[in-house]
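J.: Spelled out from the first residue to the last, the chains are:
There are 2 protein chains.
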Amino acid sequence: MPRLSSRTQAIVGSPIRRIATLLDEARRKGDIISFGGGAPSLPPPQEVVDYLADFLRKAPQKTVAYGATRGMIELRELIAEDLKKYWNVSYDPKEEIMIVNGGTEGIYLALGAILEPGDEVVLIDPTYVGYAEPVRLLGGRVRYVPVKVEEDYQPNIEDVKKVVSPLTKAFVLLSPDNPTGRIVTEEFVRDLVKLAREYDFWIIFDAVYKHISYGRPTPWVDAFPGARERTITINSFSKEASIPGFRLGYVTGPAEVIESMEKIKQYVSLAPDTPGQIAMIKFYESGIKERYLNEIVIPTYRKRRDLMYKLIKEYLPEARTTLPEGAFYFFVDMRRYLEAMGRDDEEFSNRLLYRKSVVVIPGKYFGEMGLGHVRMTFVSEPEERIEEGMKRISAYISSYL
Amino acid sequence: MPRLSSRTQAIVGSPIRRIATLLDEARRKGDIISFGGGAPSLPPPQEVVDYLADFLRKAPQKTVAYGATRGMIELRELIAEDLKKYWNVSYDPKEEIMIVNGGTEGIYLALGAILEPGDEVVLIDPTYVGYAEPVRLLGGRVRYVPVKVEEDYQPNIEDVKKVVSPLTKAFVLLSPDNPTGRIVTEEFVRDLVKLAREYDFWIIFDAVYKHISYGRPTPWVDAFPGARERTITINSFSKEASIPGFRLGYVTGPAEVIESMEKIKQYVSLAPDTPGQIAMIKFYESGIKERYLNEIVIPTYRKRRDLMYKLIKEYLPEARTTLPEGAFYFFVDMRRYLEAMGRDDEEFSNRLLYRKSVVVIPGKYFGEMGLGHVRMTFVSEPEERIEEGMKRISAYISSYL
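Which chain is which? The protein sequence lines are V and A, in order. Under full-length UniProt numbering, the first residue of the first sequence is numbered 1, with each subsequent residue one higher. Under full-length UniProt numbering, the first residue of the second sequence is numbered 1, with each subsequent residue one higher.
Hints may be right or wrong, so weigh each one.
Listed next, the in silico BS3-like pairs over lysine-lysine satisfying Cα-Cα at most 25 Å (straight line) [what the hints assert, rightly or not]:
no., chain 1, residue 1, chain 2, residue 2
1, A, K391, V, K62
2, V, K391, V, K303
3, V, K62, A, K162
4, V, K62, A, K313
Reference listing, derived: stretches of chain V covered by chain A, where coverage requires no fewer than 3 residues with Cβ under 8 Å from a Cβ of chain A [what the hints assert, rightly or not]:
no., stretch
5, 78-85
6, 197-211
Short derived list, chain A residues pointing at chain V, Cβ under 8 Å [what the hints assert, rightly or not]:
no., residue
7, N88
8, L137
9, T274
I should point out that these hints are in silico values taken from the structure, not numbers from a laboratory. Given the structure is predicted, the values throughout are model-derived calculations rather than measurements. Note that CB positions come from ideal geometry on N, CA and C, so glycine has one too.
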């Protein structure tokens, strides 16, 4: 076999994807309770399902035809209206909005459009596993800003200043956050934009959980003065419309960066999924989205979140965590238990799956600051099973102590 | 705005995608006849459409759920059976087959998995526009092997030897070919594999048109001794199942290269489209694929091909071309006309669209050897419109001469 590229030796496979595979296998064997992968457990809106099924039967060829690389203009126009409505920011649907094959492609294309070899990208630690590796794949370097449970995982601008330099090409901000559920403060965004202007770096604002919030909405980076010309915002339909299998999202940014991303996209995926786009056009019709989010998604997830919070306090009184303001996850500092058990977070998670058939994600996967933590999602299981899972975790720990 | 990456300045946007956009606009205005983009003009098999629509209604959440990065194992098992049946080559569905988001992603991931900066990739000239740019995006260099209409666009192994060197990392072979319709000879593949072993380079075999052949099937590179450990084969459902909008294909290769491609794919697109995979599981069921190809696709396209060939001889007697053995295209040497008209192929194509509302693709887009040629697809229009289009081209040329 001829040599492979060294580029893939520098990156690691996503541990969460590995767990998804393990989980698939484990599921066949027995009663697994998953607090693992953050996949929506609700079906998409019924109106959208019916519309797409009808469309497919009536116009099969049109449903599965090639589309433009930037996506359907009708959908981009609806997105512009929607962003205006929710965040009061105007984007030109032709020049400043582009449909992508999921938030993952959005991040990859955004980094591809801006990074030179050696450029630095600042990430918050802990953070989503899907930033550092594409930065490395594209020749960039990663710098980290630590956050702590004691400060509700809120980043401090002074810590950002410590790692920012003329080498900084971008800062990645995920809000609401995975794994911590944090929604960043207005003040932090204001200071970050100021710093970005001073050092002339990009802000990649990952807003894939934007509609999954239980109180105040996330600040919208582009709404801050001076942010527009240096912000690329990543959006996904996976969480807000519960259609992760369509791999569909969208990106907003300055026309020049959208143009660069489009060039790369032509050779990475050619175009986004057409049936998914047809479905999402319906999603924006006459209040479907609002009803779905306000009457189904948010109430369902909020109940589960509140229950899990209560149960963490009850069953894991020595653990420390913070009530997530958004997204799907609790990031739980388990160090007091783990030290007593003499296990690290990965050993704990592996044995918990093996012994009690409960899936949690080791905190170390999200960064050095995640050591001794686990991530538990409340999105995948209904309430009675959340309770059952928490009991099992507690019983497992008790068997040790 | 902070600086953009220089990587996108080195590549050009796909001219055919640009034409697709122009065409969309032109279509609204009038009666455009398209011999342009090679998008299938047939609906997918009815059984597949019905199955997917039912599946979506019955199990919406499952239809649009996240899947594994390599794709559904059931589908990969069916692909393995299918490849065994058609080409008598065995692939391990777990380790040697991976579902990708269309042939485009397959090519990008394959190049990403093997290329180091400065590595050379050998392409045939003319060729599909989607190879040179991703090679450059990934830091590689392109070398060309010219082919000519006089030799039915068949590559000569002696010409390949002239550009192959220790810097050669891969050779890209598309058969059946776009834009020429050429199916490569057994002898050429045998010699190419020998050369690949001698110089230790990869063969990227792009087989996206594998089922679109009007006589003999394309040789299958992996079937040649010594080829398996150095061949990555790109397949697409877009052409054979007429579902380009689902962006779905698959790749076969040695386990190690599939693993590297999977790593990259986690950060490029996470996973392939789930609904499309469900549809393709049905496609392989009980003769659906065979009936669709043998009774609908091939007879329809063959009739159009034969008609267009006859009409080229009749209306463009001074043009030179070759009857395509596969794929969707005629690559037509128009130099005798263009010289008399004092136009190059791009001017000709632009003015033909403007004056006569007929789309053809300038040959220069496919490489230097394509200068003075045009590509005309017979896949998009029914027979009476192929005739009408050819009449318009002839009338346009006559108005000059």
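J.: For this structure, which hints from the list above don't hold up?
T.: Failing hints, ascending: 1, 3, 4, 5, 7.
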